[in-house]
Amino acid sequence: MTIMRHDPQHQHCNHSDPGRELIHVDCASHVYPDGSIGIHEMCFHVLKDEIVALCGQNGSGKSTLIEHLNGLLVPSDGDIVINGMSVARGERADLWKEVGVVFQRSEDQLFAPTVLDDVMFGPLNLGMSKEDAHDAAIKALEAVGAVDLAKKLPNYLSGGQKRLVSIAGILAMKPRIMALDEPTSDLDPVHSAMVERLILEFRERFGISVVIATHDLDLAARIADRVCLVKNGAVYAEGSPREIFYDTDLIRDAGLKQPDTVMTYLDYCHQRGVAPEDRPITRAELVTLLERLTTQ
Amino acid sequence: MTIMRHDPQHQHCNHSDPGRELIHVDCASHVYPDGSIGIHEMCFHVLKDEIVALCGQNGSGKSTLIEHLNGLLVPSDGDIVINGMSVARGERADLWKEVGVVFQRSEDQLFAPTVLDDVMFGPLNLGMSKEDAHDAAIKALEAVGAVDLAKKLPNYLSGGQKRLVSIAGILAMKPRIMALDEPTSDLDPVHSAMVERLILEFRERFGISVVIATHDLDLAARIADRVCLVKNGAVYAEGSPREIFYDTDLIRDAGLKQPDTVMTYLDYCHQRGVAPEDRPITRAELVTLLERLTTQ
Amino acid sequence: MISEHIPDIDLITNCAEQQDTVFSRASPWTKFLLLIIVVLLITLTSNLVVLTAMYAIILLACVMAGLPMRKIIAWYAMPVIFVISLVGLMIWNQPGNPLFSLDIGGFVLTLTDQGILLIFTLLEKALISVTFSLFFLMTTKYAYFSALVSRLFPTPLDQIFLLAYRFLFLTLAMAASMLKAVRSRGGGIIHSIRTQGGLFAGVFGLVFVRSFEQAERVEKAMTARGYNGTYAAHTTIPKPGIAECGILCAGCLAIILIFWMVPHAGGW
Amino acid sequence: MAHIHLEDGSFTLTWVLVWWIIALACIGIALWVLRREKGKNQKKITIAAFVTAAAFALFQINIPLFGGVHLNLTPLVAILAGPVLGALVVLVINILSAAIGHGGWGLIGANVLINLVEVVVAYLIFRGSRKIIPDLFSRAGIATFAGLFCGNLMMVAIIMASGIQGVTQTPGQVLAGLSLIIAVNMGIAIVEALLTGLIVRYIGNIRPDILGESKP
Ligand SMILES: Nc1ncnc2c1ncn2[C@@H]1O[C@H](COP(=O)(O)OP(=O)(O)OP(=O)(O)O)[C@@H](O)[C@H]1O
Ligand SMILES: Nc1ncnc2c1ncn2[C@@H]1O[C@H](COP(=O)(O)OP(=O)(O)OP(=O)(O)O)[C@@H](O)[C@H]1O
Ligand SMILES: [Mg+2]
Ligand SMILES: [Mg+2]
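Protein sequences appear in the order of chains A, B, C and D. Taken in order, the first sequence gives residues 1 to 296; the numbers are from my numbering. Taken in order, the second sequence gives residues 1001 to 1296; the numbers are from my numbering. Taken in order, the third sequence gives residues 2001 to 2268; the numbers are from my numbering. Taken in order, the fourth sequence gives residues 3001 to 3216; the numbers are from my numbering.
In isolation and in its complexed conformation, chain A is listed as follows (with noise of 0.2 Å):
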């Protein structure tokens, strides 16, 4: 993969790969009814079994794109074409099936009496048996470390806990595509790294693909297959994480900083005045490599 870089002036979007696109955001733009221009003329595709990070300054525009993927938001210009069917056609009576979105405010997600009835509003609206509803509830509940809360209020839960819960309902439904704005703030390290670890999960065991907007760079380098840096509403570059997150002047125009696990690489050849040869970009990946830069 190299990097491409997007002309702001003049967007094409090109079919990388039509035969695994499950989705196709084909130059859509979003103006509010403010006039704030939420995405603009943005190209973006998602590939089969492929885990997409968009990153991006605050206001960037990530949020907007994530709510056109299952047709909250329906693009003012431009096309949206989810699994085939185009949203701005209307061809989209049951989008949901097809893309959970977890939004970035987890209050806004949660709506039921109690914990449980939210997890399980998804699994019956698919047309589960209530039974089956409830495995599939607890299940996911389990999965993100959340089964306890299941009989308490959902406006009784603290921050990070409301976060896991709106995971849980996403997950229960097993969607074909998830896309996730903001998984991790709000966790505590721990429950992180179980979200972390489950997005990876559903990758393999199910074949999901994943979207999911951060500004945990260090997640979006562990996990993504492709980082698309976002600015001022459209893709602004993307390639593989490796190659983003090793191009200084990239990162900068996009607003953002470098992966902690990359700075520290840097800095280090810098200061022993080496040129950084390898791109380390895990945590693992850095401490083996400094540990034979050492002993060499």
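Keep in mind the hints are simulated off the structure, nothing from the lab. The structure presented is a predicted model; accordingly, all values stated were derived computationally and were not measured. Possibly wrong hints are sitting among the right ones.
[Stated by the list, open to error] Far from chain C by the CB rule (all over 12 Å, computed), these chain B residues:
no. : residue
1   : 1003
2   : 1117
3   : 1135
4   : 1139
5   : 1189
6   : 1201
7   : 1204
8   : 1250
9   : 1255
10  : 1263
11  : 1267
12  : 1276
13  : 1282
14  : 1295
[To be verified] Here's a subset of chain C near chain D, in silico, CB distances under 10 Å, partners left out:
no. : residue
15  : 2023
16  : 2044
17  : 2078
18  : 2087
19  : 2090
20  : 2154
21  : 2171
For every residue, glycine included, the Cβ atom is placed at its ideal position computed from N, Cα and C.
Keeping the supplied structure of chain A fixed, place chains B, C and D with the ligands upon it in accordance with the hints.
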């Protein structure tokens, strides 16, 4: 400073340094109406000029504690003394001038029709003239890098923008103590560094004490003078970041993980088979140390 | 948001706050007094020419203020339906030239040209009032409104008014986000009430309690930044200028004229 | 529901003034009572402001028939805020509604009176039958239905008394038309009674302090 472990069975609250103590939480408990235990016999204090980080699992009681600090919640048992005024005895008419609180959910905090009005609200209530309040608000917005949002409606902001504005609203009031609940969640790395710098600067320039509740342990390691590990509604242990974050068992008991920097260092030592003698907690320290270890 | 045809108060506020035209600089008092004059005029007269002239002037003002006319017209839907459906029951058997008759089980209902005219008159009156109200809302900053409210209403009333206005945004946002959440997991209000009725009873209760608790929190957050019931103390309302006084006088004159010309206009 | 969604210009000036004056007198009494019972009522004001917002929000979701049939929530206002604050609340609701064109400014007086009847009746029944009907759901439901029914009668009385400008139907004909509306309104009232019952029961379970009565 040495680690103080608190015995969960029996808590003592000893005034560490009564002269400098700005906040003294004296064995306070809070039970929510539905019977959930928010905090339980918690003892906690904040000195003048100090930055204290509260770290703990999801649902451990950090937010509950923070909401007690400006009288939003009142302890069902025990007392909280802010700058000599007891909350339980109701001597708290203008607690809001002393303690500024940024909530975990920023939308709870935004109520005025525009961002500028919202940030000006506090300063006006402090008795500033309209012009002064306007200046204070613009300065606060500039400090967090959100001055171009001044005319927008709070409802029309992205998640991170809301967080920035709610921080600005408290900054503009220059309280003597600031309590920030997850100040950097939802913020991109650049803005989050900005907020981090601000917290430090506020301490330097105005002698403001800061309490932050955060899951970003690297942030806590960088800026906190003292870290309090919260578990099951009480402070489980406290000490300097260097001590706390290098105590692997303690951190595990509190249901957390060590910060990335610490883990990188420990992993590195482990791989090289050397004993971790130093205790770097910031990236700069780590890099210097690694470099020294290499060239030794 | 919830429906195309319900005025979106976020958008209304946004317009009011972003406005910078003559109309938003004019004194809120002028607009308030004009509102009273407009309501009196449409109560007093049923003359279609006068009404049409008023309507045209108000529409022109809206266009000049750069208000989103498309939205305003969408928001007409409810008032129009209110008038048509209620008055629709009452326009039968007016005097005038019969247009056609219906015979329902012995009752003969006749529609006349006067009946049609009546519905038009009432409709136009309604639209004048609606448009002017929206114009007022969309060109006046919230700070002025709150100052007006605290001048006009005695104490607990003004507090209730102002807090309620704030809470309204929360409640509507809460309702909207609930709808969003339900839809994003395959529910629909009607559909879900049918299939999961028991659950939805709880959902209603919960939304209510939740918005209440959020209101409580916001109120506390305001207190935490020094709110003590006097939100508007800092705003001075601009006084009407000479031109504005002129307009107000003209309005009063119009009322007197209508009284004088059509002594029975108000049904005295 | 009983609420005149007539727009401005429907009533003659005389009747506009008559209803306004009576309504203002009632509000004045409410204010006077409220001032006399001093003490801390910030919490009550928050509740009042909130129910205003909630009721107004629900007002917006209506079935566009016969002058806008919609859930009304005034009985819930009565149950939560009581008749005194309730009087202020209905005034504010009606002003806000007029501001976005759902009902005329001139008709606020009449609408406040109708809502006041609902509030007072619902409150009296809800509190009065506390001993007889301990179950919150039925008690709130019955109070709601009764309140709405009386409100409806008030609405008919007001329209019959004032007439609609330009309408020359005989009172009998007007009444015939109105009875159609009443029928629909009573159907809605049943739905609203159920809904209010549910909400009140729910509140009673998790936040009895809002209701101002301890758990039965
Ligand atoms: N409901 C809304 N109405 C109007 N403008 C909005 C709304 N939501 C977002 N915006 C604006 O649209 C732009 C993109 O917002 P979006 O929420 O997509 O950003 P984001 O990338 O998710 O940011 P963050 O990282 O802060 O969550 C921002 O400029 C924001 O101010
Ligand atoms: N409003 C509430 N009503 C009832 N219980 C609550 C409420 N808020 C929090 N709790 C409960 O109190 C406990 C402490 O919650 P708190 O919000 O203080 O945790 P926290 O440490 O801030 O967690 P997080 O990191 O997830 O934000 C949790 O078990 C939570 O479920
Ligand atoms: Mg976002
Ligand atoms: Mg918290």
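Hints and how they fare:
1. 1003: 33 Å, holds
2. 1117: 7 Å, violated
3. 1135: With a cut-off of 12 Å, residue 1135/B remains clear of chain C, as the shortest Cβ separation is near 15 Å.
4. 1139: 17 Å, holds
5. 1189: 28 Å, holds
6. 1201: Since the minimum Cβ distance to chain C is about 22 Å, residue 1201/B lies beyond 12 Å and the statement holds.
7. 1204: 24 Å, holds
8. 1250: 34 Å, holds
9. 1255: With a cut-off of 12 Å, residue 1255/B remains clear of chain C, as the shortest Cβ separation is near 27 Å.
10. 1263: Label holds. Min Cβ-Cβ 37 Å, cutoff 12 Å.
11. 1267: Holds, because the least Cβ-Cβ distance between residue 1267/B and chain C comes to about 40 Å, which exceeds 12 Å.
12. 1276: 44 Å, holds
13. 1282: 33 Å, holds
14. 1295: 53 Å, holds
15. 2023: Hint on residue 2023/C: violated, closest Cβ of chain D at ~17 Å, above 10 Å.
16. 2044: 6 Å, holds
17. 2078: OK, holds: residue 2078/C within 10 Å of chain D, min 6 Å.
18. 2087: 7 Å, holds
19. 2090: 5 Å, holds
20. 2154: 6 Å, holds
21. 2171: 5 Å, holds
The structure fails hints 2 and 15 (numbered hints given earlier, in ascending order).
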